[in-house]
Amino acid sequence: MRAPVATAVAIVVGLIILLGYFVPVGIVLVLRDVLLGWAIVLAGMAALVGIINLVKVHWRKSTVRGERDPYSPVLLIVFLATVGAGFALGGPSNPTFQQVVNAVQIPVETTLTAVLAIALAYAAMRLLGRRMGLMAIVFVTSTVLYLLLNSGILAVDSGAPALKSALGVLQRLPVAGARGILLGIALGSLTTGLRVLMGVDRPFSG
Amino acid sequence: MSVITLETAIGLGLVVAAAILMFLFSLPPRPGKRSNFALRPINGLSRLRRALGLAVENGTRLHVSLGKSNGVGPVSAASLVALSTLERIAQISSVSDRPPVASSGDGALSILSQDTLKGAYRAVNASELYDPNRGRLTGVTPFSYVAGTLPIERNEHVSANVLVGTLGPEAALLAEAAQRERAFALAASDSLPGQAVLYAAAEEALIGEELYAVPAYLQAGPFHRASLRAQDVLRWALVGLILAGAVLAILGIKIL
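Line by line, the protein sequences are chains E and X. Numbering follows this note's numbering, with no gaps: position 104 of the first sequence is 104. So the number in this note's numbering is just where the residue sits in the second sequence, counting from 1, plus 1000.
If you're looking for bench data, these hints aren't it; they were derived computationally from the structure. One or more of the hints may lead you astray.
What the hints assert, rightly or not - Under 7 Å between C-beta atoms, here's a sample of chain X residues computed to sit facing chain E:
#1 Ala1018
#2 Ala1077
#3 Leu1080
#4 Gly1107
#5 Ala1108
#6 Leu1112
#7 Asp1115
#8 Val1197
#9 Gly1208
#10 Gln1231
Beta carbons: idealized from backbone N, C-alpha and C, even for Gly.
Sequences are here, hints too, so could you generate the full structure?
Written as structure tokens, this is what we have:
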């Protein structure tokens, strides 16, 4: 069996957390809180390890011939400058440090959002050509319909109850659809979690 | 005073029912009998299997984008599915000249991706293929993750991209880049906005619970198929309960 100790730890910890959710009493609750606290610390350490890995990958891409990427040295320089500024200014809560980081990050992310909007509009236009079918037609029709509905163009107070009811049904339809999809996702999450609890899925090699 | 409310009792019942169903469905059929459970064809997953074979033949690379944390915990159920998918892809493509590369937007997920690759190669007796640099953290915010992943699609001879996990609308940029590179892209996310944009932007997209079926379609094992059967049974049971509840509500009978 692969990684028996890690598997046993994962199963026991998973069962305690699950039990703490359904039976929140005494020792189970205390154990659950302690374990969740440890998980938060571990997640923080994992982020640090992940960043070290990021630096390693880009160092390799900056130095190894055949793998060179012109953006990797830029990333390393900016990373070191940010870390240096963070230490020099007393940490990420320093207002000057936050101002400098935001002055770089916000314009870059806004630009990417704009690119995303254009990419999405282009993808929606190409959708029918690429994947012609009933689902694609329904998708495009409902996208246009809900854009119109949410823009307020159809929000006329005509006083006609039938029209009001029809618009009300149309407004509620996406909520019903989303609930259906979420139900499927919840069941999928449940069986995935149970596979880990049963030791079938082991995302750790031990 | 009882600490178990009706809602938690229903939840607990659902968990126990799912566990029992999964166990029962995972049992082998009786001697002389064949299982009559067949996976329904999903176009995206059939194309993924074809793309995997082609990548191995062509000596090109597969890129598995594992997404980011879903905000609830460092690793979500969708991330676990993504790791199972990565494991199967690594095993299937272990004979390829170019091993797959995994990108993630969360530290814990990147460590797990490295561990998954290590375990997958060990399982097929090819431990020498393991390279920790193939399980990468590419960025910790949604857009930095995308910005860090785009060079992988562009520069690393990638012929197929599998975007599986918790992916928001920003993942459309990854799908779009894959199309520009003429690479196959299959996308599956547990986020509703992510699913909507990926349906439009990706070459193939999985909707709703289809995400959780990916490992079963890549033949990860009988227990994954059993999970799908259990999901189907529970879904129909829930549909029945919802319809019964609606009828009772119309009749003015209140249960909960």
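We went through each hint and held it up to the structure:
Nearest Cβ of chain E to the Cβ of alanine 1018(X): about 5 Å, under the 7 Å cut. The hint holds. A distance limit of 7 Å between C-beta atoms decides the matter here; for alanine 1077(X) the minimum to chain E is near 4 Å, and the interface restraint holds. Annotation: leucine 1080(X) was flagged as interfacial toward chain E, and the flag holds, the nearest CB pair being 5 Å apart, inside 7 Å. For glycine 1107(X), the interface hint holds, since its Cβ comes within 7 Å of a Cβ in chain E; the closest pair sits about 3 Å apart.
Interface restraint check: alanine 1108(X) against chain E, minimum CB-CB distance 4 Å, threshold 7 Å, status holds. Taking 7 Å as the C-beta contact cut-off toward chain E, the hint placing leucine 1112(X) at the interface holds, the least distance being around 5 Å. At a threshold of 7 Å, the smallest CB-CB gap from aspartate 1115(X) to chain E is about 5 Å, leaving the interface hint in force. The restraint placing valine 1197(X) at the interface with chain E holds, with a minimum CB-CB distance near 6 Å, inside the 7 Å limit.
Proximity of glycine 1208(X) to chain E holds as hinted, the smallest CB-CB distance being about 4 Å (cut-off 7 Å). Nearest Cβ of chain E to the Cβ of glutamine 1231(X): about 5 Å, under the 7 Å cut. The hint holds.
The structure shown violates none of the earlier numbered hints.
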